[in-house]
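S.K.: Starting from the known structure of chain P, arrange chain B on it as the hints suggest.
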Amino acid sequence: MRVGVVTFPGSNCDYDLYKAAQQIGAKVEFIWHRQKNLDAYDALMLPGGFSYGDYLRAGAIARISPVMEDIIGFAENGGPVLGICNGFQILCEAGLLPGALVRNASLRFESKDIHLRVEQTDTPFTSEYEKGQILRMPIAHGEGNYEADDQLLEELEVEGRVVFRYVSSDGELSDEANPNGSKNSIAGLTNKSGNVLGMMPHPERAMEEILGSIDGMGVFLSLATNLSTIVL
Amino acid sequence: MNHFRMEILVKPRPGILDPQGKAIHHALRSLGWSDTQDVRVGKAIYIDLEAEDSDTALETAQAMCRKILANPVTEDFEVSIVENAERITA
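If you're matching them up, the sequences are chains P and B in order. Counting from 5, one number per residue, gives the positions in the first sequence under the working numbering. Counting from -4, one number per residue, gives the positions in the second sequence under the working numbering.
With the rest of the complex left out, here is chain B:
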């Protein structure tokens, strides 16, 4: 078994109102970044897991997203492997 650090990005789907992103957009503009066009806020989830190979690790993380980590009504997700990751816990 090999060790993998998975990075999962959960993002608001296009067209879904993201009030948090809107508030940050306002904040950025009021700080002088007037060229800011839009802000969307999602979340990053890091998961350490043991898997046979990278394909299996990716499949597992995707299954986790479909089952619980993302809500398909409002969120999209993206899964990748963090290369050369140190273990989060010893």
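Okay, chain P solo, but in the shape it has when bound:
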């Protein structure tokens, strides 16, 4: 499995993501935002950070990078694309995922561990989890408040595209457990065909017991399992 980690000026979780993908046996390469031709990769990952200083809107400038055109083509051909945090914001700005991520309702940069409930396991990123499983992993963002109109929210719910939701440690939905004010407590969602996942929490920072959690590993293990199935 060859994974490309797309790096923009201002990305800062690129090495974490590189390490996480390596940990599940992938051959990983960094892809600079000016690179063209992504044919060599089986999966692409867009890391967290503050691409272009979050100027204009988080992800707004990054999505016009030269590499984005090929990322869109890769996704449209069914290639798995994972965007985490700023990567999620970029995927929304690029139109690969619907909706937008706006300022946290708290107005604060939220940096802490949160709990997620796995809502869908029929995606290439979550097949190794159990439906309803509660995960603990960090968030670190100022603009993670998922915004969508009622029509889009209904579409996402009906089509089962909400993959992760913020919940309390015992799996309950509540305003207190929603760290940024996201509509329907949405923490992660996929595109229509399910091969593009965006999420605000950081699974790549929950890969080592010594760092507090290994709950993020399922995202990468799922991808490895699904890609090896496709290749064989």
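Among these hints, one or two may not hold up.
[Said to hold, decoys possible] BS3-like mimics (lysine-lysine), calculated; alpha carbons at most 27 angstroms apart, straight line:
| hint | chain 1 | residue 1 | chain 2 | residue 2 |
| --- | --- | --- | --- | --- |
| 1 | P | Lys135 | P | Lys187 |
| 2 | B | Lys17 | B | Lys38 |
| 3 | P | Lys23 | P | Lys116 |
| 4 | P | Lys116 | P | Lys196 |
| 5 | B | Lys17 | P | Lys116 |
| 6 | B | Lys62 | P | Lys187 |
| 7 | B | Lys6 | B | Lys38 |
| 8 | P | Lys187 | B | Lys17 |
| 9 | P | Lys116 | B | Lys6 |
| 10 | P | Lys196 | B | Lys62 |
To be clear, the hints were calculated from the coordinates, so they are not data collected in a lab.
M.R.: Same frame as chain P, now just chain B:
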């Protein structure tokens, strides 16, 4: 070609939560402006450009808004020409 100073107002769409506006609203009320009903915060972008005429300048600025300056999910925009504008850069 003529010189135009464009003023672009990017505003949070109605119904979209604007936490920044909320915080400023609280601040204004605590300073004694208790009649303040609501505060919304957007941004103003000024662009100097060369265009054939004012219609073309407006169209260009609107295209910029649609392409990148505003996010249609959360923001509306308004474009106008600043009359008698001095150039920003020499």
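S.K.: Going straight from one Cα to the other, do lysine 135/P and lysine 187/P come out at no more than 27 angstroms?
M.R.: With a Cα-Cα distance of about 21 angstroms, the restraint between lysine 135/P and lysine 187/P holds, given a limit of 27 angstroms.
S.K.: Are the Cα positions of lysine 187/P and lysine 17/B separated by 27 angstroms at most?
M.R.: 18 angstroms, holds
S.K.: If you draw a straight line from the CA of lysine 196/P to the CA of lysine 62/B, is it 27 angstroms or shorter?
M.R.: Within the cut-off at roughly 23 angstroms; holds.
S.K.: Tell me if the straight-line CA distance from lysine 17/B to lysine 38/B falls inside 27 angstroms.
M.R.: 16 angstroms, holds
S.K.: Can the restraint linking lysine 6/B and lysine 38/B be considered satisfied, given a maximum Cα separation of 27 angstroms?
M.R.: 7 angstroms, holds
S.K.: Sort out whether lysine 6/B lies within 27 angstroms of lysine 116/P, counting only the CA atoms.
M.R.: 31 angstroms, violated
S.K.: Are lysine 23/P and lysine 116/P close enough, with their CA atoms no more than 27 angstroms apart?
M.R.: Judged against 27 angstroms, a Cα distance of about 21 angstroms means the pair holds.
S.K.: Given the hinted pair lysine 62/B and lysine 187/P, is their Cα-Cα distance within 27 angstroms?
M.R.: Since the Cα atoms of lysine 62/B and lysine 187/P sit roughly 25 angstroms apart, the hinted pair holds (cutoff 27 angstroms).
S.K.: Verify the proposed pairing of lysine 17/B with lysine 116/P, using a straight-line Cα cut of 27 angstroms.
M.R.: 24 angstroms, holds
S.K.: Measure nothing beyond the straight line between the CA atoms of lysine 116/P and lysine 196/P; if it is 27 angstroms or shorter, mark the hint as holding.
M.R.: Given pair lysine 116/P, lysine 196/P is violated - Cα atoms ~30 angstroms apart, limit 27 angstroms.
This entry does not satisfy hints 4, 9, going by the numbered hints stated previously.
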